[in-house]
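Visitor: Read off the chains here:
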Amino acid sequence: MIALKLAYRNLVGAGLRTWLNVGVLSFIYVLIIWHQGLFNGMYPQTSRFVIREEIAGGQYWHKNYDPFDPLAVEDSHGIIPSRLRALVRENRAAPILIRQGTIYPQGRIQPVLLKGIDPRQTVLDIPIAKLLTDSDTLPIMAGYLMAQKNGFEVGDVLTIRWRDTNGTYDAADGEIVEIMHTRVPTIDMGQLWIPLDRLQQMALLPDEATLIVAGRDIQEPLNLPEWPFKGQDFLLKDITDMIKAKRVGGFFLYAILLFLALLAVFDTQVLAVFRRRKEIGTLMALGMVRSGVIAVFTIEGALHGILAVGMAALYGIPILLFSAYKGIPIPSSAEGYGLAFPVRLFPVYSAWLVGGTILIIMLAVTIVSYLPSRKITGMKPTEVLR
Amino acid sequence: MKFIITFFTVLLLTASALYAENYPSGKAILDAIDRNMTSENRIIVSKMVIHGRRGTRTIRSKTWSEGETEAFTEYLSPAREKGIKMLKSGDMLWTYSPNTDRTIRISGHMLRQSVMGSDLSYEDMMEDPELSRHYKAAVTGKETIDGRPCWIVELTATTPAIAYQSRKLWTDRERNVPLKQELFAKSGKLLKRLELKDVAQIEGRWFPKRMIFKDMLKKGKGTEFIIENIRFDQEIPRHIFSKAALRK
Amino acid sequence: MKNAMLLFSIKGLLRDRSRSLFPILMVSAGAFLCVCLHSSMKGTVTDMVDSAARFDTGHVKIMTRVYNELADQMPNDLALMGVGNLLEKLKRKHPDMIWTPRIKFGGLLDIPDENGLTRTQGPVFGIGVDMSARHSPDTKILNLEKALVRGRMPGHKTEILISDSFARKLDLKIGETATLLGSTMYGATTTYNFKVAGTVRFGMTPLDRSTMIADIDDVRMALDMADSAGEIMGYTNDMLYDDKRMTGIADAFNRDFADPDDEFEPVMQSLGEQGMMRDLLRLVNVMVAIVVSIFVFAMSVVLWNAGLMNGIRRYGEIGVRLAMGESKGGLYRSMIVESVCIGIAGSALGTAAGLAVSYWLQQNGIDFSSMMQKSAILRSSVWRAQVTSVSYYIGFLPGVFASVIGTMFAGIGIYRRQTSQLFRELEV
Chain A
102 MIALKLAYRN LVGAGLRTWL NVGVLSFIYV LIIWHQGLFN GMYPQTSRFV IREEIAGGQY
162 WHKNYDPFDP LAVEDSHGII PSRLRALVRE NRAAPILIRQ GTIYPQGRIQ PVLLKGIDPR
222 QTVLDIPIAK LLTDSDTLPI MAGYLMAQKN GFEVGDVLTI RWRDTNGTYD AADGEIVEIM
282 HTRVPTIDMG QLWIPLDRLQ QMALLPDEAT LIVAGRDIQE PLNLPEWPFK GQDFLLKDIT
342 DMIKAKRVGG FFLYAILLFL ALLAVFDTQV LAVFRRRKEI GTLMALGMVR SGVIAVFTIE
402 GALHGILAVG MAALYGIPIL LFSAYKGIPI PSSAEGYGLA FPVRLFPVYS AWLVGGTILI
462 IMLAVTIVSY LPSRKITGMK PTEVLR
Chain B
-5 MKFIITFFTV LLLTASALYA ENYPSGKAIL DAIDRNMTSE NRIIVSKMVI HGRRGTRTIR
55 SKTWSEGETE AFTEYLSPAR EKGIKMLKSG DMLWTYSPNT DRTIRISGHM LRQSVMGSDL
115 SYEDMMEDPE LSRHYKAAVT GKETIDGRPC WIVELTATTP AIAYQSRKLW TDRERNVPLK
175 QELFAKSGKL LKRLELKDVA QIEGRWFPKR MIFKDMLKKG KGTEFIIENI RFDQEIPRHI
235 FSKAALRK
Chain C
18 MKNAMLLFSI KGLLRDRSRS LFPILMVSAG AFLCVCLHSS MKGTVTDMVD SAARFDTGHV
78 KIMTRVYNEL ADQMPNDLAL MGVGNLLEKL KRKHPDMIWT PRIKFGGLLD IPDENGLTRT
138 QGPVFGIGVD MSARHSPDTK ILNLEKALVR GRMPGHKTEI LISDSFARKL DLKIGETATL
198 LGSTMYGATT TYNFKVAGTV RFGMTPLDRS TMIADIDDVR MALDMADSAG EIMGYTNDML
258 YDDKRMTGIA DAFNRDFADP DDEFEPVMQS LGEQGMMRDL LRLVNVMVAI VVSIFVFAMS
318 VVLWNAGLMN GIRRYGEIGV RLAMGESKGG LYRSMIVESV CIGIAGSALG TAAGLAVSYW
378 LQQNGIDFSS MMQKSAILRS SVWRAQVTSV SYYIGFLPGV FASVIGTMFA GIGIYRRQTS
438 QLFRELEV
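Residue numbers (the working numbering), protein chains in the order written: chain A, 102 to 487; chain B, -5 to 242; chain C, 18 to 445.
What the hints contain is simulated information worked out from the structure, not anything from laboratory work.
Treat the hints with caution; some may be incorrect.
[What the hints assert, rightly or not] Derived DSS-like pairs (lysine-lysine); straight-line CA-CA distance at most 25 angstroms:
{"id": "1", "chain 1": "A", "residue 1": "K216", "chain 2": "B", "residue 2": "K242"}
{"id": "2", "chain 1": "C", "residue 1": "K212", "chain 2": "B", "residue 2": "K76"}
{"id": "3", "chain 1": "B", "residue 1": "K76", "chain 2": "B", "residue 2": "K41"}
{"id": "4", "chain 1": "C", "residue 1": "K186", "chain 2": "A", "residue 2": "K338"}
{"id": "5", "chain 1": "B", "residue 1": "K237", "chain 2": "C", "residue 2": "K212"}
{"id": "6", "chain 1": "C", "residue 1": "K212", "chain 2": "B", "residue 2": "K79"}
{"id": "7", "chain 1": "C", "residue 1": "K212", "chain 2": "B", "residue 2": "K242"}
Please model the entire structure based on the sequences and the hints provided.
Guide: In structure tokens form, the structure reads like this:
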């Protein structure tokens, strides 16, 4: 106890330098917690959009379906299997039919994917309510990027041409009834959403679909040989990979910063041991064992870490809370091309994150404080007190 | 007032109904067209005039065709396109170019691309059905086009696997040449328009020497075809419609 | 007099290794870290807009007005013509920038069997890049050599690179022929034989799916686009994007070509004017500024400590010098001069080392994708640095100022010492 008290008094007595060291350490606490918090938030927040708007509990793909092979699209469709149809009726699965079509923005041919979805489904949370209409005009929902690139606005009428399953041309004027403000480019770019029953009629493919989105309450995916199930892990792989890469990138940064802070503490300790040789001698002369003296100095150094926690809490908690509350704005064209990003990213700080960060830094600081104190072992009270 | 309108409407309806009885049957017209236009085979040398946004280009080609499904085209000029060949056989399409010495099947999204920059897509090229086999026809009126009296014939597909569900023809009453043709989507939307001009007698048939093909959904002036030379029912060796012929 | 003092200090420093070597090493380590951190952070910023800049937006990009409106469709019929002239003009007006033409195109890549018939084929997205001459910088801009997975860089006419996964999908081997079926600038069907020299992977999913990269001259031949290009990209020589400057250049350019009736007039856009790039830049720059300033601050504390330590280590020496009659002011000044020397020398050394490492990182990068299990390699898994003009002086901030300030604080002690006590302290 006396060691702790002594250590504290010495430390605070050292004044400005202590506070600078503590300041640096506290920055590092805040930075690590904030930065990792951002990544903590990134996965759930990014995947939340994708889960909510695109993949829900996973997708059953028609066996020919390959989202990266535009040649395969026309051949990837099949009758919705009856076991899935039961789920669809209960609104626990949503079939999507994908067909190729052509639009003519500014009189030029442009290929698009037509995606049919039931406007009454609730498996995916996309604003399709307006597709539910009695009007003869084909209602179309376009994504934000698609609309921006082609200058679509709600109320615009565009001509779509497609071929039915026999290859017969068909064309219709559709009206843009909704522009979906989505952050998921894979449900936006190069595609138009229309009611499923209309697309099935248009393509002459009643009751058929290209993929079937399973509801989020899915327990055990059905084993359908014609319709292999693609789980969330598979569908979210791009996002997990990106975050992983970013996290690793973060560690380099922390390592360098922490190294610096530790260097500062180390220097301080060396300095303290050198300057206070007399004090050390006195303590030893007064009967304190060497290990006790080392403990005093080590604790003194380690206290930097504890004080830094306090200081970090002082200014860090408001900053961290503020950014968790306000979020970090992410521009829509943010890197990663083709990956979904939320408008604002909200850091998430877990007890694990905060506790772990403190623990690791404390441990490092303690070790760094201990190393110079070992010198004390070699000191002779008679010599230093001369 | 109301009475007068009703009166005239009734009068008009009766008149057109009466008139309809004087129309020839659609079938007869289609047969007549087919008799005039279709042949066992044909060899055409033609010019395609393509109006682009940056000027006009002319491409000359020679085409051998037989029936609905076989056609072989060789491009003659300009220099860059000279020697390029195209073969349609059944529902397949190949292209050959001498500078690469490659025969390539055109598939997938390429089929929807335009042929040589024209309003015609490869899909359209694949599409040249004998009308009477795939459509039932009804004459619905008459009109004069380019000074020629025409029947208006509306065609509806009888076979499902056909590109255009319905067509509308303005066919020359005497010469049995459709001077104007409109191709419709199933929804009834006008997709393509084909105008046949400069009709002249060739080997006993009436045939247009100039055609204008227009994709109605695309911007632009359309593509013009000028027939320089056409011969019917020639001796065409079978092997010309084979992939081997492409490389010759 | 001043010179003499400086000379004396330097002599002293050189002769007494404990006074020079250790502090200089300390300072240079600090400066080194600062430079490395700054350039690697800059590397991440640039990296965020960089891939877009390199592949898509340029620092500035020139297209015709109509091409710009439909750029997504790669409308080569609306491409720029007379590119040679335009490039000449641009190079004359902005000799400090890199100007390079590109052609983006779509088509079908067809792989022949032994009889020259289609073996496999797939839709392809192509980029025509100026890779012909040694003076062409575009190969570097696209990092083609680094992206190479198999094979080698194209060296001869008609040689191309294609996405590695695409090559696997088409079962295409190095050295095999791949025929492009596409359309010319005038819409005519065209085929062109290429030879696969190598395969590439960029770490960006859309590009790694089905891309081919060919020399622009071949593409011009293939697509009948003599002296034309879909886009002309402009880059600063140091590959650093300066939004204000680039937007200025674009505005000036557009004033020169201001005929509103000519839809084929070239228009120039800066990277910031394309998409939401400007917002992204702003955001990332703020983050980097925060991290770098924390770092510089921390480094300063460390070096200040070092300065203090240095002062304390020489406690005895200073006592002796005071005792020998040196004035306190003179002693203080000489210590500061020393620390300035050390600071400058150390910073210079550290900056040099830091720049060397940063340049290496800029050129090569560290790919830590292997640390992640069997995942698609993202470009961001390659850690690259970016040396900027700031990299050259950022190390001097903590290196000189912090260590000098540390010495100044430590030196204050000199004034506190009393001559009368010196001998007692020194126990002479």
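Visitor: Evaluate each hint against the coordinates.
Guide: For each hint, the structure was consulted:
Between the alpha carbons of A:K216 and B:K242 the distance comes to roughly 45 angstroms, so the proposed pair goes past 25 angstroms and is violated. A hinted pair counts as satisfied when its Cα atoms are at most 25 angstroms apart, and C:K212 with B:K76 qualifies at roughly 24 angstroms. The suggested pairing of B:K76 with B:K41 holds, with an alpha-carbon distance near 13 angstroms, which does not exceed 25 angstroms. A threshold of 25 angstroms between alpha carbons decides the hint, and for C:K186 with A:K338 the separation of about 20 angstroms falls inside it, so the pair holds.
Taking the CA atoms of B:K237 and C:K212, the gap is near 24 angstroms; set against the 25 angstroms cutoff, the hint holds. Under the criterion of a C-alpha separation no larger than 25 angstroms, the hint pairing C:K212 with B:K79 is consistent with the structure, at around 23 angstroms. Our distance criterion of 25 angstroms between C-alpha atoms is met by C:K212 and B:K242, whose separation comes to about 24 angstroms.
Consistency with the previously given hints fails for number 1 only.
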